[in-house]
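*Asks:* Whole structure, please, built from the sequences with the hints as guidance.
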Amino acid sequence: MSGTRDLVLSDTVRLQRKLRQNNVPVDLQLFEGLSHAEYLYEFDTLESAEVFRELSQFFNRYLQK
38 MSGTRDLVLS DTVRLQRKLR QNNVPVDLQL FEGLSHAEYL YEFDTLESAE
88 VFRELSQFFN RYLQK
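Using my numbering, you'd call the opening residue of the sequence shown number 38 and step up by one each time.
Hints listed in this document are in silico derivations from the structure and should not be mistaken for laboratory results. It cannot be assumed that every hint is accurate.
Unchecked claim - With beta-carbon atoms standing in for the labels, derived distance ranges:
1. Tyr99 x Arg54: 17 to 23 angstroms
2. Asn97 x Leu67: 17 to 23 angstroms
3. Leu100 x Gly70: 26 to 32 angstroms
4. Glu79 x Thr49: 18 to 24 angstroms
5. Leu56 x Arg90: 19 to 25 angstroms
6. Asp81 x Arg51: 28 to 34 angstroms
Just so it is clear, the structure is predicted and the values come from calculations on it, not from any experiment. All C-beta atoms, glycine included, are put in the ideal place defined by N, C-alpha and C.
*Replies:* Structure representation (structure tokens):
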């Protein structure tokens, strides 16, 4: 997951492509207007809630036993 204003967004996209090329489960979620890890600093916003909801769904999908 990354924000559209994240300075390392292009690195994130490259990593996502490499993982997918190697058949590693990967989801890239982009959040409009957020910078790098902004959801951690503005914890009580609607955007942060959406980020954590998406993160929880990913963990449940791929890490649940």
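*Asks:* All hints, please: hold or fail.
*Replies:* To see whether the hints hold, each was checked on the structure:
1. In this structure the hint that Tyr99 and Arg54 lie 17 to 23 angstroms apart at CB holds, the actual value being about 18 angstroms.
2. In this structure the supplied range 17 to 23 angstroms holds for Asn97 paired with Leu67, their Cβ-Cβ distance being about 20 angstroms.
3. Our hint of 26 to 32 angstroms for Leu100 and Gly70 holds, since their Cβ atoms are close to 29 angstroms apart.
4. Against the hinted window of 18 to 24 angstroms, the Cβ-Cβ separation of Glu79 and Thr49 comes to about 19 angstroms, which satisfies the hint.
5. Checked against the given bound of 19 to 25 angstroms, the beta carbons of Leu56 and Arg90, roughly 22 angstroms apart, stay inside it.
6. Remark: the range hint 28 to 34 angstroms for Asp81 to Arg51 is upheld by a beta-carbon distance near 32 angstroms.
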